[in-house]
Amino acid sequence: MGVSERKRREFAIREQNILSTAISLFQIKHPSLVKMDDIAKQLEIGRGTIYLHFKSKDDLMARIQFEDYVRLRESLQVALNEPNGIAMARFALRAYIEHCLSDKNMYLVAKQCGDTLNIENVSIEMKEKLYNERAARLSVLEKIYKQTRNENLTNQKGTYPNVAVAWGMIRGAVEVLLDGHFQKEIKSEKSYIETIEHVLFFGLFPGNQ
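In the UniProt record's numbering, the protein residues as written are 1 to 209.
Read the hints as simulated data drawn from the structure, not as lab findings. It cannot be assumed that every hint is accurate.
Claimed, not checked - Calculated pairs, DSBU-like style, for lysine-lysine (alpha carbon to alpha carbon, straight line, at most 35 Å): (1) 41 with 29; (2) 146 with 41; (3) 111 with 184.
Unchecked claim - Label-pair distances were calculated between CB atoms; the ranges are: (4) 42 with 183: 31 to 39 Å; (5) 124 with 9: 22 to 30 Å; (6) 67 with 10: 45 to 53 Å; (7) 44 with 119: 41 to 49 Å; (8) 119 with 204: 32 to 40 Å; (9) 67 with 153: 30 to 38 Å; (10) 136 with 184: 20 to 28 Å; (11) 45 with 77: 12 to 20 Å; (12) 201 with 2: 55 to 63 Å; (13) 30 with 124: 33 to 41 Å; (14) 157 with 3: 55 to 63 Å; (15) 171 with 86: 14 to 22 Å.
Computed from a prediction, not measured in an experiment: that's the story for all the values here. All residues carry an ideal CB built from backbone N, CA and C; glycine is no exception.
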């Protein structure tokens with residue numbers, strides 16, 4: 001291994017260590033309460049070393065959010081292999097819920113990073129990555145919706161209203177669990193997830209089925 005290659009590898013390893021350490025600290029304290037100095041101290045490196053990898057703490061938080069978005073989009077994308085629109089929609093629904101609930105701490109850290117960061121302090125490169133990843137995820141959802149439209153399964157309200165409403169309903173329902181609401185009332189997470197699916201596909205009232 002040449003010197004330049006070894007340095008690139010060491011750089012990549014250090015960058016991953018910075019991200020892992022930041023995530024660990026963000027799981028203990030809200031990202032807004034963690035300083036770059038805290039991350040540097042934990043890693044026993046200088047704060048300036050972190051800035052070799054990330055323009056700012058906002059840039060670091062954007063990277064965490066971006067990588068979470070990539071994992072989500074890759075999970076949703078598998079739905080496109082399903083044989084029909086309803087199967088795609090069901091798969092995507094389960095994939096999103098699994099993404100959120102399989103590692104609740106990571107989901108909350110990524111969400112808090114996204115809610116906290118100042119996009120103006122994020123590097124141009126990272127902004128572009130976030131934008132492109134959002135567009136890629138939306139493209140997957142649009143393909144699923146258009147397939148259901150082609151099969152005459154959905155209403156005529158339009159792509160964006162339907163995708164946005166469905167996404168908002170699912171996200172809100174998942175965050176009810178993550179935020180700890182109805183802890184006594186919701187006895188079974190599995191049953192709750194089945195209810196999300198039922199309400200999304202069939203509506204709340206039996207007369208609408």
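Hint-by-hint comparison with the structure:
For the suggested pair residue 41 and residue 29, the alpha carbons sit about 15 Å apart, so the restraint of at most 35 Å is met. Between residue 146 and residue 41 the CA atoms are separated by roughly 50 Å; this puts the pair beyond 35 Å, and the hint is violated. This hinted pair checks out: residue 111 and residue 184 have alpha carbons roughly 25 Å apart, not beyond 35 Å. Take residue 42 and residue 183: their Cβ atoms lie about 32 Å apart, and the range 31 to 39 Å holds.
For the hinted restraint 22 to 30 Å between residue 124 and residue 9, the CB-CB distance of approximately 26 Å keeps it satisfied. Remark: the range hint 45 to 53 Å for residue 67 to residue 10 is contradicted by a beta-carbon distance near 20 Å. Restraint check, residue 44 to residue 119: a C-beta distance of roughly 31 Å breaks the suggested window 41 to 49 Å. Checked against the hint of 32 to 40 Å, the pair residue 119 and residue 204 passes, with Cβ atoms roughly 36 Å apart.
Residue 67 and residue 153 have their C-beta atoms about 33 Å apart, which keeps the hinted 30 to 38 Å range intact. Range check, residue 136 to residue 184: Cβ separation about 40 Å, and the 20 to 28 Å hint is violated. The beta-carbon spacing between residue 45 and residue 77, approximately 36 Å, falls outside the hinted interval of 12 to 20 Å. Under the hint 55 to 63 Å, the C-beta atoms of residue 201 and residue 2, about 56 Å apart, fit the expected range.
At roughly 27 Å, the beta carbons of residue 30 and residue 124 sit outside the given window of 33 to 41 Å. At about 60 Å, the beta-carbon gap between residue 157 and residue 3 stays in the expected band of 55 to 63 Å. Distance hint for residue 171 and residue 86: a CB-CB separation of about 21 Å, consistent with the stated range 14 to 22 Å.
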